[in-house]
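For the record, the sequence lines run as chains A and B. Quick note, the first sequence lines up with residues 284 to 704 if you use my numbering. Quick note, the second sequence lines up with residues 1404 to 1636 if you use my numbering.
None of these hints come from the bench; they were simulated from the model. From the three backbone atoms N, C-alpha and C, an ideal C-beta is built for every residue, glycine too. Don't take every hint at face value.
As the list claims (entries may be wrong) - Listed next, the in silico DSS-like pairs over lysine-lysine satisfying Cα-Cα at most 30 Å (straight line):
hint, chain 1, residue 1, chain 2, residue 2
1, B, K1478, A, K600
2, B, K1578, A, K596
3, B, K1486, A, K600
4, B, K1486, A, K696
5, A, K600, B, K1628
6, A, K696, B, K1432
7, B, K1425, A, K694
8, A, K596, B, K1425
9, A, K696, B, K1578
10, B, K1517, A, K451
11, A, K596, B, K1501
12, A, K696, B, K1564
13, A, K694, B, K1564
Stated by the list, open to error - Which residues of chain A face chain B? A few of them, derived with a C-beta cut under 8 Å, are:
hint, residue
14, I293
15, G476
16, D520
17, K694
18, P697
If you want the building blocks of each chain, they are given just below.
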Amino acid sequence: MFNRDRWNEIIEALTANWFRTLLTAFGVFWGIFILVILLAAGKGLENGVKKGFGDIATNTMFMWTQVASKPYKGLPKGRRFNFKIRDVAAIREKVPGLLYISPRNQLGGFGGTNNVVRGLNTGAFNIYGDYPEIINQDPITITSGRFINYGDIDENRKVAVIGEGVKKELFKFGEEPIGEYIKIQGVSFMVIGTYVKKSNNGDRERGQKEIFVPFTSFSQAFNRADNVGWMAITAEDNNSITKLKKDIINVVKTNHTIHPEDNRAIGNFDLYEEFSKINGLFIALKGVAYFVGILVLLSGIIGISNIMLIVVKERTKEIGIRRALGASPWSIRGQILLESIFLTIISGMTGIAVSTGVLYLVNKILEGIPESEETMFANPSVDLTVVFVALLILISSGLLAGLIPAQVAIKTKPIDALRAD
Amino acid sequence: MIEIKDLHKSYQMGSNSLHVLKGINFSVKEGELVAIMGSSGSGKSTLLNILGMLDEADSGSYFLDNLPIKNLNEKIAARYRNKFLGFIFQSFNLINYKNALDNVAMPLYYQGIKRKERTDKALHYLEKVGLADWATHLPNELSGGQKQRVAIARALASEPKVLLADEPTGALDTKTSYEVLELIQGINDEGKTILIVTHEEDIAHMTKRIVNLKDGIIINDGTVKQVRANSYV
Ligand SMILES: Nc1ncnc2c1ncn2[C@@H]1O[C@H](COP(=O)(O)OP(=O)(O)O)[C@@H](O)[C@H]1O
Ligand SMILES: [Mg+2]
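Pulled out of the complex, with its shape left as it was, chain A reads as follows (with noise of 0.2 Å):
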């Protein structure tokens, strides 16, 4: 089948015609070539899209008090509470597959009064009392120094990791701060760290400026007694954080006599719904793709066939002749059918290329935008199980389009076809 007479017939018979063959082509050039660039625009918004989530744990939920709603056990409604640092236990003990129980606190925020001193230079962070887990949840880049340890959080130690916006604002340039102090709201922490945080949706430079303190010295420096004021939850990675919630909630619901009905008296942001809900739209978008791209291919198929069928007509008496010189059916029939794989295959795999060129091209655009402009789309591309398929739908695609004509080529008696001209 894979000989070279064989081929030698096959471009013979192509080049005989070399405008009709190319016009062929186009078709389903054009075809593979909308469904790439399709395909790969949708993949561009999704890595856009989901650069904005940063590294952050998608599998995370993140909970906090409201306001009671419902009176129940006697205490009225309307009543404030608070996470208790036992809750954290409560909920590993009751809740099992999580990952990670974060209990946080928090001060200051978003263009709040400066709260930072050091020496004559201030500035508005927001800082954060963490256990070490949370890097692992909302992940930073330490860039010198330490992240917050299991010996800070025992020992109460009064020290901070900062991030490099933090350090711009009140160290000189080229300053090392890692033991310098810095006073949060009159507290002296010694710094042990810095760090960068890749994307955050937004917030590039809000990323930059926070400090991270052991959660122990927080509450201690800042009296909040055994408060949490809210926590980070990872489910393990063969669970989802979002079939875990109810559980979480019902624990601490029992914990602090809420209502089991009352739906409002814990706040939380479920991520990894969030996501969910993000990647079901890039799958619809696929398929869109795919539908879309399939379509035009189908076009270009039928066009290929359309014109197989006119070059079949035409060599009517040539396939007469072949035949009265001994070729048999399937030859005939392998001839067309080779032919039209051929040329499909030929159209399909230009298509690839020029479309992977223009994704090339688009990508190098992008790359020079600067980083920290946000866009939507990020790196569009391929990848080699869209081109694997695509050959795929290209081989049945041109099989499909040779099978009309080569019936028709054979269906003709020698004899008739031998008459025609």
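Following the hints, put chain B with the ligands in place on chain A, whose structure we already have.
Using the frame of chain A, we list chain B with the ligands on its own:
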């Protein structure tokens, strides 16, 4: 070599049926050179096409070299045509985008012969018809006589048992016709069985036997004294 008995063939055209062959009986022995004559529309081509397995008879029997030719599927028919028969057509029927050599090599391609051997053989037969120098020329660069010589080389290439020629000189002038006939006579001299359909008396008399067809039956069948084509030149 060829045995046919009571061969019938009619063409169906709408509701009409045209009875073309109405019981043909004849046989051809190995090495014969036979002319099938008759006026236009007498069924000569129809008969030849049936002998060539390009068409099938409605009834009757046909043996080619003692092989029954009946109800062959197209695959086997193709193989038999390739192995046993060589065709020469009035309109040459060369493939116009292939050069002379490749045209001659075509039946060998369908025999599955390797490229090298194919080329050698094809060249040998091109030499035999005196066109070795024209091997790389396309058909439209050849004269009518040259085209028919290429076609004859092609028919010979697969070393068939029988050559079937339907009006091989129909598109050629007299001089060229005689040259082609000279070639055919030479091939026959080497022992090849050849059937020629013609309606030209002079051509028919260059064979060794004339079969006369009229209204679908053989009205005359007899040997003649062969006129050598080169005696005209
Ligand atoms: N495929 C066909 N369909 C219908 N009629 C045909 C067909 N082929 C030949 N005929 C008719 O059969 C008769 C014999 O044709 P043919 O064998 O070609 O004659 P010849 O070769 O002797 O001129 C003619 O009348 C012709 O019109
Ligand atoms: Mg005729």
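These are the hints, each one checked on the structure:
With a CA separation close to 19 Å, the supplied pair B/K1478 and A/K600 stays within the 30 Å bound. Restraint check for B/K1578 and A/K596: the C-alpha separation of about 36 Å exceeds 30 Å, so the hint is violated. Taking the CA atoms of B/K1486 and A/K600, the gap is near 21 Å; set against the 30 Å cutoff, the hint holds. A C-alpha spacing of about 19 Å is found between B/K1486 and A/K696, which places the hinted pair at or below 30 Å, so the restraint holds.
Pair hint A/K600 plus B/K1628 does not hold up; C-alpha atoms about 38 Å apart against a cutoff of 30 Å. Taken as a hint, the A/K696 and B/K1432 pair is honoured in the structure, with Cα atoms around 29 Å apart against an allowance of 30 Å. For the given pair, B/K1425 sits about 28 Å from A/K694 by alpha-carbon distance, which is consistent with the 30 Å threshold. A distance of roughly 34 Å separates the Cα atoms of A/K596 and B/K1425; the hinted pair therefore is violated under the 30 Å criterion.
Proposed proximity of A/K696 and B/K1578 is contradicted: the alpha carbons are some 35 Å apart, above 30 Å. For the given pair, B/K1517 sits about 80 Å from A/K451 by alpha-carbon distance, which is inconsistent with the 30 Å threshold. With a CA separation close to 19 Å, the supplied pair A/K596 and B/K1501 stays within the 30 Å bound. Our distance criterion of 30 Å between C-alpha atoms is met by A/K696 and B/K1564, whose separation comes to about 23 Å.
As the CA atoms of A/K694 and B/K1564 are separated by approximately 28 Å, the hinted pair is consistent with the 30 Å bound. At a threshold of 8 Å, the smallest CB-CB gap from A/I293 to chain B is about 13 Å, leaving the interface hint violated. The restraint placing A/G476 at the interface with chain B is violated, with a minimum CB-CB distance near 75 Å, outside the 8 Å limit. The beta carbon of A/D520 comes no nearer than 60 Å to any beta carbon in chain B, farther than 8 Å, and the hint placing it at the interface is violated.
Violation of the interface hint for A/K694 is found here, the shortest Cβ-Cβ separation to chain B being roughly 10 Å, above the 8 Å cut-off. For A/P697, the shortest C-beta to C-beta distance to chain B is roughly 5 Å, which falls under 8 Å, so the interface hint holds.
Violated hints for the displayed structure, listed by number in ascending order: 2, 5, 8, 9, 10, 14, 15, 16 and 17.
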